[in-house]
Every structure is written in C-alpha cells, then in structure tokens.
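In order, the protein sequence lines correspond to chains V and U.
In terms of the UniProt record's numbering, the first sequence has 193 at position 193, counting the first letter as 1, and numbering is strictly consecutive.
In terms of the UniProt record's numbering, the second sequence has 29 at position 29, counting the first letter as 1, and numbering is strictly consecutive.
Calculated from the structure, these hints are not laboratory results.
Any given hint could be a false lead.
Heads up, the list lumps identical chains together, so a pair's fine if it works in one copy or across two of them.
Stated by the list, open to error - Under the rule of at most 30 Å between Cα atoms (straight-line distance), these lysine-lysine pairs were calculated in the DSS-like manner:
{"#": "1", "residue 1": "Lys-117", "residue 2": "Lys-68"}
{"#": "2", "residue 1": "Lys-77", "residue 2": "Lys-203"}
{"#": "3", "residue 1": "Lys-47", "residue 2": "Lys-117"}
{"#": "4", "residue 1": "Lys-148", "residue 2": "Lys-240"}
{"#": "5", "residue 1": "Lys-68", "residue 2": "Lys-38"}
{"#": "6", "residue 1": "Lys-121", "residue 2": "Lys-294"}
{"#": "7", "residue 1": "Lys-4", "residue 2": "Lys-240"}
{"#": "8", "residue 1": "Lys-43", "residue 2": "Lys-223"}
{"#": "9", "residue 1": "Lys-223", "residue 2": "Lys-147"}
{"#": "10", "residue 1": "Lys-117", "residue 2": "Lys-77"}
{"#": "11", "residue 1": "Lys-249", "residue 2": "Lys-200"}
{"#": "12", "residue 1": "Lys-223", "residue 2": "Lys-47"}
{"#": "13", "residue 1": "Lys-38", "residue 2": "Lys-77"}
{"#": "14", "residue 1": "Lys-245", "residue 2": "Lys-18"}
Number of protein chains: 2
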Amino acid sequence: MSFKVRQEIATCGGKLLKLSHFSELIGLSMDVNVYLPKQYYSKDYEKVIPTVYYLSGLTCSPDNASEKAFWQFQADKYGFGMVFPDTSPRGDSVPDDPEKSWDFGIAASFYVNATKKPYDKHYMMYDYIHKELPVLLDEHFSESSTKKLDFLDNVGITGHSMGGYGALTGFLKNYDANRYKSCSAFAPIVNPSSVPWGQKAFKGYLSDDENDWDKYDPCKLIKRITNTRNDMILIHQGTKDPFLKDNLKTDLLTEASKNTSWEGKIDIRYADGYDHSYFFVSTFVPDHARFHAKNLGLI
Amino acid sequence: MSFKVRQEIATCGGKLLKLSHFSELIGLSMDVNVYLPKQYYSKDYEKVIPTVYYLSGLTCSPDNASEKAFWQFQADKYGFGMVFPDTSPRGDSVPDDPEKSWDFGIAASFYVNATKKPYDKHYMMYDYIHKELPVLLDEHFSESSTKKLDFLDNVGITGHSMGGYGALTGFLKNYDANRYKSCSAFAPIVNPSSVPWGQKAFKGYLSDDENDWDKYDPCKLIKRITNTRNDMILIHQGTKDPFLKDNLKTDLLTEASKNTSWEGKIDIRYADGYDHSYFFVSTFVPDHARFHAKNLGLI
C-alpha cells in the first residue's frame, strides 16, 4: 500500500484521512489529507465521485484547511472528495530559508519545481501536485475500494493565497490539455513576478531568467492559452486583506486577461471588510463549492 | 467602555469580536469572543437577538471553538449571537498546576468557584460565567448599540467536554430560577466526582467535603430540581471518543435522572465512529443550533 493512514477521522457525513506516502519526485515522505464525502460510504450511491484539490497558503500544513475551511459539509452536499496536499517538502534534510522567514523555504514552496541549488533536490512541488500525487491517489483508491473516486480527470482545483496562486498556475499551465475542469481561488497572488513574496520565491527557487519566471506567473500564462472553452475562474478577495495592496494585487489578473480569450471570464468578487484568514475562506467556501460542483457536473 | 475590542473579524454574514475586559470577580483581564450574526447588521431586522454561551474544553482558549466549531453559519441561519468565554484566568500571577499538566490549572478551571488556596484568589469561574460576564456584556452592548442583544434572559448554554460539564452544571444549578432557556452538550463530563479528571479538579479547587463536590456535579444536581418544566437536554457523544470510558461516562446522567423529573428527558445521541475533536463537535453543531433556536423561540 503506497499510502499509510495516520488517522481516520469521522466528520460531517464522511471521513477525513490523514495520509503519508513516499514521493519519488521529492525523495521524501509527504503528508496529504483526503476527505471522502458521505456518498463514498453510501451503498446506494453509484455515481463517480470527483475531487477538488485545495492548495494551502504560506505557513500551512494539510491540517489548517481541513480544520478551518469547512469544505467537508459542502463536499457532502454535492458529492465530491477533497485533497489537501502539503505546502512543501519537510524534514531535517530539507533546505529551509537561511533566514528562517515564513515566506520562503519550508511551508512556502510556491508550488514550483525548483531549479536552483540547494532547493532543486526536494522542492519539486509543481510536478508533485499536478502529476505524481493524483496518479498515486488514483492507484491507491482504485486498489483499495470498489467505489470509484476520480482524482485525475473530472477534477477541480482551488487554494488560498500562495495556494490560490498555485491553483491558478496549475490550471492555466494545463488549460490547453484540459487537465482541470474547474478553478477558483481565495485571495490569490496573481502576478508573483511583480510582488515581494513572489520575487523572493522565484529568486530563491528558479534561475534569474525571466522566461523561467513567466512559466509560473498567472498573468503571463493567461496570455498563452489557445483553447477557447467557455470556462470562468472564480476569485474571492477581502477588501481588508492586509496583503492585497502589496502582494496579491488581484486586479492585475483582470488587466492581464484583456484582449485574451479570458477577457470577462475572471469573476473577481471583492468581499467588503473581510481579511486574509480562514474566517474569510470559510465564509466563501459554499460559493466555491457550488461553482466546482457545477463545473464537475454534479448540479 | 468596559470591553476592549482586540480584533473585529468579518466572517459568515456577521462579525466575530475578540474582546478583553477587566473582571472584578477574577481580579484580572479576561478574554472573550462574541459572534454577532448577520441579523445584528441588518437594518430591517427588528427582533431581539438571543445568545448561546459555548463553554470550551480543557486546553482551549476562546479561539479554538471560534475557528473550528462553525457555530457562525448556524447563528446566521437562526439569528442568535454566540459568546465564547475563556476556560480559566490567565497570566503570570495566576497559580497553575505545579505539575504543569493540561487537565488542571490554567485552561482547566472546571468552571467552579475555587475555595482552596492558592486557587481561591482568581479561579472564580462559576460566578464569572453565570453572573458577572452576562451582566457586563448586557451593559456594554446596551450602551454601544441600538440593536437589542439578549445576554441575560432568553439565552442558551452549551459546551464541549469540560465545557459540556460546565454547561450542564450552570443549567441545572440555576434551573429552578429559569436562568437558561436551553442546554446542550458535546461529549460532556457528567459525573466529575467519580472520574479522574473531575476528582483531580475538585480535590485541587474545592474542600474535601463531599457536599462541596455535589454542588458542582450534574448527576447530583439533577436530583435536586423541583421545577417541572418540560425541557430536554441534548447531548452528542462519539462512540470512538478516547475519554468516554474513563472520564465522560455519559450514561451515568441517564442513570441519575431515573425517578426524577428529568427521567426520559436527557436526549443522548451516540455518534458512531466519532472522536472527541472539533471534527466531532462541528459535525453536530447544526443539530444543537436547531435545538437552541427552537428553545429560544426563533423557529
């Protein structure tokens, strides 16, 4: 069995599984939480259960969103599973920020494949999230269950802050291949190349070549898409978010989408008075859940 | 202003206020979180908004339940406020367990008025929760708002573990005076005098006189009630709760209620496979919210 179940927690109508598994790509054991909704445990439910990947923000583990975002009630409502991956490799052998800051290194991978030493050894988070992990989950649950869970095809992606950025990047980079069927984000970084958090990450993990940065920048990626499906991206952004002005700059994505196939399709909803916390995220999870449920054909 | 607003957080349709205030009884500053539901901020809403007090369990501050129990959505649904008091006095001058355990001393007051030295100086949590705090909240919000919030009369009480015990105790001790209109509990300690957690607390905070212990023991208090209103108490208890067998022993309350006016009125719902965590609490908050809303005349 490729996944070790560290904990199995009954919650809402389903179960939250706290899993660990070895990642060949990262070269280490990784933690991931998976919520299986009540439909998974219902004998009578015969539909395939799609999944939504939730990428967490700076400083988080898979547990924060599992405890505070309250996707579980919504997953039960519509019948989708949730995957909460970790935010970076972890352990004594993993190089951290020499300055031990919270916005670089451990729990701050920015979901890229690092090319710069010493991070290039373990920080392969882009390929881990979008390639290795889904395949391993699919293999594991296909073997261990008769109920069909879909981790690979009819799937959505979302995330918060750095994780919202990770979701947008993964969605847009793979848009022409139709990898994800749905994408939303909570207070995402949209243009990392131009803001302090992103610049620090890209300088640390990537080469100094601008082209390398563009490959991970939603505001650049959105201009390269050729496929013209009629998708929308849903974004919520609190107006009292202390990071909005300097690091998130949500409007830059609308700006970047102009004169592309995405013009008018970025649905940014500014939430008056809301901050950057899970109190903000959890408030709008029901809206995002409905959005993904619709895109995944559940309603 | 008797309450200092440390933080005001927009969440769900209302606001979570993180407050601090000086307690004469305890002789120190105390923290308390208050959730004001969306109805509080609606111009058109004219009904009085009742409140539900949620007493937290061992090791908790007012923040744990505010972040993880998800009362807020339910408070909005029915139109009640929430009060999340702290679990003990705190600070350098507060005597803690000399052994620094997690089940006695700071964050483990058991919501009693301590009579034993050195705890008798600050650990006046029973009077603080059931007398001083509600009056101070009433005064503060009567002065600072035109909208009527009810912290004193049409109120409910609930809690988790040690807090479930605190809720049952406060409800039953004041039942004949009709102090609380509604009581529920999540995995409460029901018979502290007979279990390790309760015995340690009572030995530490109270005299060795059995009569002193009885005054804070739901299984004793339930036998003393003379009023025969037709109330119910709602309790959820997870069957995989690791504390059930030795410390919670929920069935003892049913046992104690036999041949009293409470016989058949303790609605204990065993939740198959659920543990003692907030994953358990949050799962059943919607049921408890509905229960309190009904008892408070909101539905």
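Practice task
Just pull the numbers of the violated hints for me, sorted ascending.
Solution key: Numbers 1, 2, 3, 6, 8, 9, 10 and 12, in rising order.
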